[in-house]
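*Asks:* Below are the chains, spelled out letter by letter.
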Amino acid sequence: MGPLAPYEIISENTNFLLAFFIGIAFGWVLESSGFSSSRKLAGIFYGYDTVVLKVFFTGAITAMLGLLFMSLFGWVDLDLVYVNPTYLTSAIVGGVVMGAGFIMGGFCPGTSFCGAAIGKIDAMLFIVGLFIGVYGFAFTYGWWEKLYFARYLGEPKVSEALGMKDGLFGLLLIVAAIGMFVVAEWAEKKFPREEY
Amino acid sequence: MNDTKTIERSRRYLNPYLGGVLLGLVLLAANFVSGRGLGASGAIKSVVATTIETVDKDAVNTMPFMAEYAESHSGSPMRSWLVFQMLGVIVGGFLSGTIAGRLKLKVEHSPRITSRRRLIFALMGGVLFGLGSQIGRGCTSGSALSGMAVLSLGGFVTMMAIFGTAFALAYFFRRNWI
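Chain order of the listed sequences is C and X. Sequential numbering of the first sequence, starting at 1, is according to this note's numbering. Sequential numbering of the second sequence, starting at 1, is according to this note's numbering.
Read the hints as simulated data drawn from the structure, not as lab findings. Using N, Cα and C, we set each Cβ at its ideal position, and we do this for glycine too.
Label pairs and their in silico Cβ distance ranges:
1) X/112 x C/147: 33 to 43 Å
2) C/172 x X/114: 41 to 51 Å
3) X/104 x C/69: 39 to 49 Å
4) C/160 x X/18: 24 to 34 Å
Just some of the chain C residues that point at chain X, by a computed CB distance under 8 Å:
5) 16
6) 20
7) 31
8) 33
9) 66
10) 145
Some chain C residues well away from chain X (every beta-carbon gap over 10 Å; in silico):
11) 73
12) 179
13) 183
Chain X with its partners taken away, still in its complex shape (with noise of 0.2 Å):
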């Protein structure tokens, strides 16, 4: 009984809608506040230019990525509004989840599949997503949602190119979700 309760509890999410324009105040706080919108994978950035910069101190002479990070980043790249916004987000998921009693070590996975094929997928999505990003200028959430909120075209065109390519081969991974 008691575990009935718990696993309802913990599949009741926030209507979408209600979600959505929660969402869009977030973003335009985060837009009144520094003029700029909410991002993700720009911290990640940052976190892999302070550790190239860690291991090698001349990267930024010799490698190009890191020269371009430098110009667009004064001083440290840990000392960014997206790290910050980033560590947040960890907090506030983990509090949104724990309240929700959705606090739970699992690999989550269609029953169809096993948790190795779960993890491999995941493993190579995020090294796609990874590399996506940063040819894209920024992910799902600084290029496409943040871009759209300012009317940005390169901010339509990636957030098509995005959703487009999942739906095109939606098919061919079919198996892993449903």
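So here's chain C without its partners, still in its complex pose (with noise of 0.2 Å):
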């Protein structure tokens, strides 16, 4: 019965091992994918790759559909697996900032680390920056205390707020992913770029 670390089946230090081996798979994927390369991330915006949205869809995807099925099954209580608070204005406010960060660095933060780790310069100038921004966060903390309040909705799942069922939304979600996996599809023929 999951989740482990909740439930004390394993131990804290056990919980932060797996952490490490975790982190290993997830970077040998996103760098195994191209996620190490600024260009082929921002290909998505410009149509001539779109991997980004393959991969980030196909993902968020699997392990939701993994996480309610688990979940039916009883190998893991929904009920202790965190969920992200909404606090609805700094998630717009927030998403717009990096989304300028990312058309301008090519990055995520996550990416970055994995560029990084294979010798890209670009990407660890990235990582300066990130901290630079965070600690420019700490600073500046109380200009943006209260925008980071603000409009606080609990944790609410986006199946309740459309008012229907986990399960028909995650069937709704697979058929628009395959809708926009169609686009790029013909976006990466209409688009295309040999070397990059």
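Assemble the dimeric complex from its two separately framed chains, guided by the hints.
*Replies:* Next up, the structure:
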């Protein structure tokens, strides 16, 4: 019965050790999918390479289905699985700032560490930037505090917000993802780039 | 001849749909083991909190950012799941890149721009992403991807805001990429 750490089936130290191994798998999958290359990542925004869309949505859907089925079989207690709280204003403002950082920098935090791990100097500079940004937030926290806690909605599920069952939402998400994959395959043929 | 072979091998990536399924299984494993998803910016926050604490012991009392952090993390900020996970990411990325023959010290950029321009934009992008990840309580991994897997409304909102903004601004930065 999972999750293992909240149920105290494994100790805190075992949990940290497993975090390291899960991290290795995470880094491996990101790098071998091409996420260590900013030009591959940025391709989604110009249509010449849509690997981000395909990997990201396939990954989110796989994990979502896995959790739903494991909960159905009684293998994992979803009440103990962390659901990110929703602070609507900061979710949008933070996302907009991150989006601007994404198109300028070509990485997100996780992928920049993969890029740096294989020697991408631009990824290393991006990481330096990340630290500056986080320090910047820490020292200007007072300015953001009001925005940071604004429009707190608790921990709603997107399915609840839309008034449908988890399974139905999952199905609709899969249909939407397949639609996006069709467009993505078309875009890669329409905006090809030979070398990048 | 040998050179062409190396280039071909280093450009060989996993099928994206297979990569996605594997990513999903890793995320599922994270949730099954720890009850939480994956993340990246949280580890940076831990390092930042640790350095601030080291430099200024009373930071917890004087800085609201530190107080908020201390509230969510008991004990040392470096004893954090995401710190260990991110150390793993560096090892995993390095191993994958080594085996695929992609290990090379270089600045990757479009042939239409200089390395210098690429590096300046990478730094600026990093600053914004770091700032945004703190405002939004997590980055593409922790907030968008992991949030979506547990059907968090906030996760979906952040995901749409990140990708929507990047698409909206893509035209203005096109020279950097195409």
